[in-house]
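Here's the letter readout for the chains.
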Amino acid sequence: MLGRQIETVHLDTETTPATGSRVAERMITREDCGFLIGAVSSGVANAVSQGAQRYGVIYLNTNSSSPSESGENCHRVKFVWDGNGTNFAKAAVKNAVDAYGKKWLLLTNDYGWGHDTANATRALMAQYGAEEVQEILVPQGTPDFAAALLSIQQANPDVISAAIGGDDQVAMRQQVAQLGMGAKPAWINNQQDWPDVYGLPIENLFGVFGTTWYWNLELPGVKEFVARYQAMYPDTSMRVPGNVFYNGYMATKGLLEAIEAAGTSNNIAVIKQLEGYKRSAEERMQHHDAYMDPVTHQLQQTIYLATANTEAGDNKDDMFKILTQSAPDVVKDESAAKACVLESYDDTPTFDA
Amino acid sequence: MSVLLPHILNGITVGLLFALIALGFTLIVGLMEVINLAHGALFALGAYFAVSVIGGGWLADTAFGAWWLGLPLSARYIAALILGPLAAAVVGLAIELCLRPTYGKAPLYGLLLTFGISLVAEELIRIVWGTGEQSLSVPQSINGAFIMGGMIFSKYKFFASGFAIAAIFLVWLLLERTPYGAIIKAGAHDSEMVHALGFDLGKLRMGVFAFGAALAGLAGIIMVPIWGLKPHIGIDVVIPAFLIIVIGGVGSFWGAVFAALLVGLAVGVTGAYVPAWSLMSMYILLIAIVGFGSRGLFGRKSALEV
Chain X
1 MLGRQIETVH LDTETTPATG SRVAERMITR EDCGFLIGAV SSGVANAVSQ GAQRYGVIYL
61 NTNSSSPSES GENCHRVKFV WDGNGTNFAK AAVKNAVDAY GKKWLLLTND YGWGHDTANA
121 TRALMAQYGA EEVQEILVPQ GTPDFAAALL SIQQANPDVI SAAIGGDDQV AMRQQVAQLG
181 MGAKPAWINN QQDWPDVYGL PIENLFGVFG TTWYWNLELP GVKEFVARYQ AMYPDTSMRV
241 PGNVFYNGYM ATKGLLEAIE AAGTSNNIAV IKQLEGYKRS AEERMQHHDA YMDPVTHQLQ
301 QTIYLATANT EAGDNKDDMF KILTQSAPDV VKDESAAKAC VLESYDDTPT FDA
Chain Z
1001 MSVLLPHILN GITVGLLFAL IALGFTLIVG LMEVINLAHG ALFALGAYFA VSVIGGGWLA
1061 DTAFGAWWLG LPLSARYIAA LILGPLAAAV VGLAIELCLR PTYGKAPLYG LLLTFGISLV
1121 AEELIRIVWG TGEQSLSVPQ SINGAFIMGG MIFSKYKFFA SGFAIAAIFL VWLLLERTPY
1181 GAIIKAGAHD SEMVHALGFD LGKLRMGVFA FGAALAGLAG IIMVPIWGLK PHIGIDVVIP
1241 AFLIIVIGGV GSFWGAVFAA LLVGLAVGVT GAYVPAWSLM SMYILLIAIV GFGSRGLFGR
1301 KSALEV
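Respectively, the protein sequence lines represent chains X and Z. With this note's numbering, the residue at position 174 of the first sequence is 174, and numbering never jumps. If you want this note's numbering, it's the position in the second sequence, counting the first as 1, plus 1000.
A couple of the hints might just be wrong.
[To be verified] Which residues of chain X face chain Z? A partial, calculated answer using Cβ under 10 Å:
(1) Thr142
(2) Ala148
(3) Val170
(4) Met238
[Claimed, not checked] To be clear about the criterion: a stretch of chain Z counts as covered by chain X if any three or more of its residues have a C-beta under 8 Å from a C-beta of chain X, and this derived list gives those stretches:
(5) 1221-1228
(6) 1278-1288
If you are wondering where the hints come from, they were derived from the structure by calculation, not from laboratory data. Every residue gets a Cβ at the ideal spot worked out from N, C-alpha and C, and that includes glycine.
Make the full structure from the sequences, and use the hints.
Following this line, the structure appears as structure tokens:
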């Protein structure tokens, strides 16, 4: 890149904000990393980005979907390449109220992303006339959802809007499937990350959920992308790429293209290039063009709603059935722009990476 | 009350499962006075071995594998219930061998060694079985749901609770009604006297450690269809197990069982009314009980006390 060898450093944030902060500090001050890219939880992303902003190091958040990441926790150096809870809720809530009913129960992971997503859903519920019958808060790291599932049965809602992420979501899906509760009440599961469900029984994939990309979209370039992935990673257990890989790939590609376009590795120049990021639907292998919102630094892209593909037959990888695709401006998180205050260029340390 | 009853029932089932998890841990602490922080790793290894047994593992593509996978799931599941704990027991034996230099020294040495072993085991699991989530298939006869009192319950959870009761009973039978159990209890009370009476303390410790490891592996196989299986599941296990033996009293078998039920009820009932506090409730229970009596409910002075 610009005639210079690209070197990479990998460190584990252990899904802990304190570790993420320490790891980011080390990468910047001891490993001399000029750019950070991380598919981490929202709490970790927030911690990492605070450190990155102090040094002016560009941080690409490729996989945390708390609305606050591009809202009150936005930073001049941070760019969010994933859809957030508000995007997915906007794609899902109105349709669900019309299709399933107005009595809604919120099942919320008790941390930043869960609360932000639940609040976004709540606002949309109010807009479309849904009634919140109960909110059940589930601590992060909960292995057993029996108590929550009993409470859900006692509340008897029409719809459950679940903001449960990561390992907790995997456990929840397993236990809901065991009870046969996946069909009724209706489940709206916000975003579903591919690595969390790949290889699991299809009955665990109940309800409607969101994603930014799927490996079997019938769009130009998708098959070739999947083939290149399989050729590059022949030994990986995940035989096809998912949204997390896709987001990371697109973010890294976007960064390298921005550096090339800027003609320099100066962080401010690259930030300005990224703020002007626009790609066609074909380049993005999505249904709609995508662009970086310069106000919030969140990529505005196609948002897909999907459900389990029960007709995949022998193709165990074809787990999703895409239901709808929404254009970026239809599902845009309008409240983020009001909450986000990016640091000025002058207040962001400048350096050449 | 009718709102609370299902949650009390859930709490009891959760408690029985916690008891199953804590059984092996309390045996090892009771006799060997070693806090085995590798207990979670043994739990995970038992489950991973079971996944390989049921799915055919590395022999899946061979003629034997084809024959094996043609067997009913129930047969393979029973085989996993036997082979998984056996594999965990073998690993337990290896851990015990590593622990021998730490006997008679400060308990911190054993604790640090087993902590290190748990980290190594977790990485080995990632290398051998991969980093992704795995699932353990169970026979259809114990899978699915049933309705009781107008509420849906998990068949498997009740099977697991019943299995836990059977395991608790069998361990009690071993400890109370067999000569080997008498030797184990005597060794926990006064290991020097047991040695002086001519019993091979080394073999006794090996046997107990292997048995405790097997119980951990068995708990893993039983719990994983509820909790899911991932390389770092061990940490989700060792903390509640340690907490339970402290609440119940270090070295007390029935203390561990009673404490597990208390913890299960705390988690289950708070899950109904203040779910955000459900995981915290076990720590609040710990503070409340240990605050009144530092040795827990049924504890006695042990070599771990300085």
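Going down the list of hints, with the structure as the test:
1. Thr142: Holds: closest Cβ of chain Z sits about 6 Å from Thr142(X), inside 10 Å.
2. Ala148: 6 Å, holds
3. Val170: 5 Å, holds
4. Met238: 7 Å, holds
5. 1221-1228: holds (count 4)
6. 1278-1288: Answer holds; 3 residues pass the 8 Å Cβ test.
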